[in-house]
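> Each chain is listed here by its residues.
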Amino acid sequence: MVVISPDTAAAWDRALLARRTTVLLALVLLTVAACSLTTGAAGTSPWTVLADLLAGREVTVADRVVLFEIRLPRLAMGALVGASLAVSGAVMQGLFRNPLADPGLVGVSAGAGLGAISAIVLGGFLPAGLAAALGYYAVPVAAFLGGWASTLVLYGIATRRGRTSVATMLLGGIALGALAGALSGILVYMADDAQLRDLTFWGLGSLAGATWTKLAAAAPLMCLALLYAPTLARGLNGLALGEAAAFHIGIPVQRLKTVAILTVAGATGAAVAVSGGIGFIGIVVPHLLRLATGPDHRYLLVNAALLGAALLILADVIARIVIAPAELPIGIVTAVLGGPVFLWILLRQRGVLDL
Amino acid sequence: MLEATDITVRLGRREILHGVDFRARPGELTAIVGPNGSGKTTLLRALTGDLSQDGRVRLNGQDLSSLRPWVLAGLRGVLPQATPLAFPFTVAEVVRLGLMGGIEAAEADLVPKALARVGLAGFEGSYFQELSGGEQQRVQLARVLAQVWRPTANGCPHWLFLDEPVSSLDIGHQLQVMRVARDYADQGGGVVTVMHDLNLTAMFADRVTLLAEGRVLAQGTPADVFRDEALSRAYRCPIRVNTPPEGGTYLLPHAAGQVAAE
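Chains A and B are the protein sequences, given in the same order.
Mapped onto my numbering, the consecutive letters of the first sequence carry residue numbers 1 to 355.
Mapped onto my numbering, the consecutive letters of the second sequence carry residue numbers 1 to 262.
In isolation and in its complexed conformation, chain A is listed as follows:
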């Protein structure tokens, strides 16, 4: 009888490593968040303001506004959007059984964008009651619906008899993205001046416009998707064996797919609605984590949320520093950081993908 010592068991058990990574990433997120609060064009120090507030001393209106109306909502937005993008990437890759599936890459973000633009341009045509009921939520909800529709269509295109084809997924995604882009173009063409102004602000692809109101409109969808995602973990693990084998080990595959698609659409839709298109987070974050701690979704999804949030906040800090006091659109920063990593993933996977 061979007795397996804890040490040999740990050699193939990456769970412990993954759990330690969770703790580490939480610390990183806190550090980055602190950096974000202290960085900005105004020389406000959040610690002085906090100390003053706690001690009951007078705080200037300017400092108060900078900290609570500009930096804090921006930090919260960065964390939520980064986590949402990374988690929707990880869920989508699990669903499509493919490390290259990413909402931005395969047209889901474009579909969500089309939804958001439709809400801005065509919102006037909604029945007055419905428009009033939706209020600020109109844009995120429409983006969610657009993302949902495009994910459904894409899954239908790419999956045949429970197998997903990489080539069909990528090409189908290109077609979907182009179509959504064209329709968005038509809508922009139809828009009047006031709507164009709204569209321009929306399309900046930045966290600069973060306000508590904007955040309140999109946060519920993102939080819902983020909280729901970990419950998909076991199912996505099983789905790695293919749909048939997933069913054999007891996973209700149809329900899993429906919920996973809704989660992706919710997270991507809400993120796109408030921040425009921010690329590469959804593909780079899950990939790095799979390399470090393995593909088990029970840890991957949680860690992706933490790393995604930390990375996007960091990108935002960089965007604010490099050409201070002006700032770069954050999409440029994530593309500069993410593009090369994506190419590296592609080169590593070239043999496996069989394109």
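Read the hints as simulated data drawn from the structure, not as lab findings.
The model shown is predicted, which means the values in this text are computed figures rather than measured ones.
Don't be surprised by glycine CBs; every beta carbon is placed ideally from N, CA and C.
Treat the hints loosely; a few may be bogus.
[Unchecked claim] Beta-carbon label-pair distances, calculated as ranges: (1) A/31 - B/129: 29 to 39 Å; (2) A/196 - B/70: 50 to 60 Å; (3) A/31 - B/172: 52 to 62 Å; (4) B/247 - A/291: 52 to 62 Å.
[Said to hold, decoys possible] Some chain A residues flagged as far from chain B (calculated, every beta-carbon gap over 12 Å): (5) 25; (6) 42; (7) 247; (8) 252.
With chain A fixed as given, assemble chain B onto it according to the hints.
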């Protein structure tokens, strides 16, 4: 007991199975044989609940369509012909996927036990995708075994459904895998397996169902089913069943010319 009555399966516009009746008893190894395209895998998929079909399948007295996926997973494991894996899981992680139902989760050392059962002790930390085809097939078998580790529980038999479990294995591992299946049946579990190799079937099976063109051509013990005439008709090639005096059965195809000459 596994009972399937009047199974008719259509895929697209083609009817693959035409009113097939099939039975398998726990404690026995039941083989499904037949030429390519005769509907063996389709019948197996109907029995495992993968397909929607006309007709009725009852497993341990319960209608298959009434069982939730996770309940079904506690009763039966399924080994498909090939299982592609999407992400770089280790061997141990793949085997552990079979434990997701939580039914056997109490047995902590089940993963190494299941791997040892298929001759892959010590492979826990290897990456599944880096193994050879035959090793991957045996890891998948270990996963299926882990899922329904005990052949019976509280008098209720568990089932193994295997789709050509030895097709990518060398002769030594073919025997090893067939022995695993045989042992499972001998300990009270039910085994239903699609087989291409008629000699291994003759060696290990208790009962055989011979399919041809979506219909049952013969059903019974290997001695009943494996007759020159029925096999030759099913496979459209002359086959001779030999039973040497020292025991056992082996089957050989022989050239058509020889038939004519005899």
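> Please check whether residue 247 of chain B and residue 291 of chain A have a Cβ separation lying inside 52 to 62 Å.
For residue 291 of chain A against residue 247 of chain B, whose Cβ atoms are near 56 Å apart, the range 52 to 62 Å holds.
> Mind verifying the non-interface call on residue 252 of chain A? Its CB should be farther than 12 Å from each CB in chain B.
5 Å, violated
> Mind checking the hinted window 52 to 62 Å against the Cβ distance between residue 31 of chain A and residue 172 of chain B?
57 Å, holds
> Quick check for students: does the CB of residue 247 of chain A sit more than 12 Å from each CB in chain B?
Non-interface label fails for residue 247 of chain A: nearest chain B Cβ at 6 Å, not farther than 12 Å.
> Is it true that the C-beta distance of residue 31 of chain A to residue 129 of chain B lies inside 29 to 39 Å, as the hint says?
36 Å, holds
> Find the nearest Cβ of chain B to the Cβ of residue 42 of chain A and say whether that gap is larger than 12 Å.
Answer for residue 42 of chain A: holds, closest chain B Cβ roughly 45 Å.
> Does the beta carbon distance between residue 196 of chain A and residue 70 of chain B stay inside 50 to 60 Å, or does it fall outside?
53 Å, holds
> Residue 25 of chain A: least C-beta distance to chain B exceeds 12 Å?
Nearest chain B Cβ is 20 Å from residue 25 of chain A, so the label holds.
Hint compliance for this structure: hints 7 and 8 are broken, all remaining hints hold.
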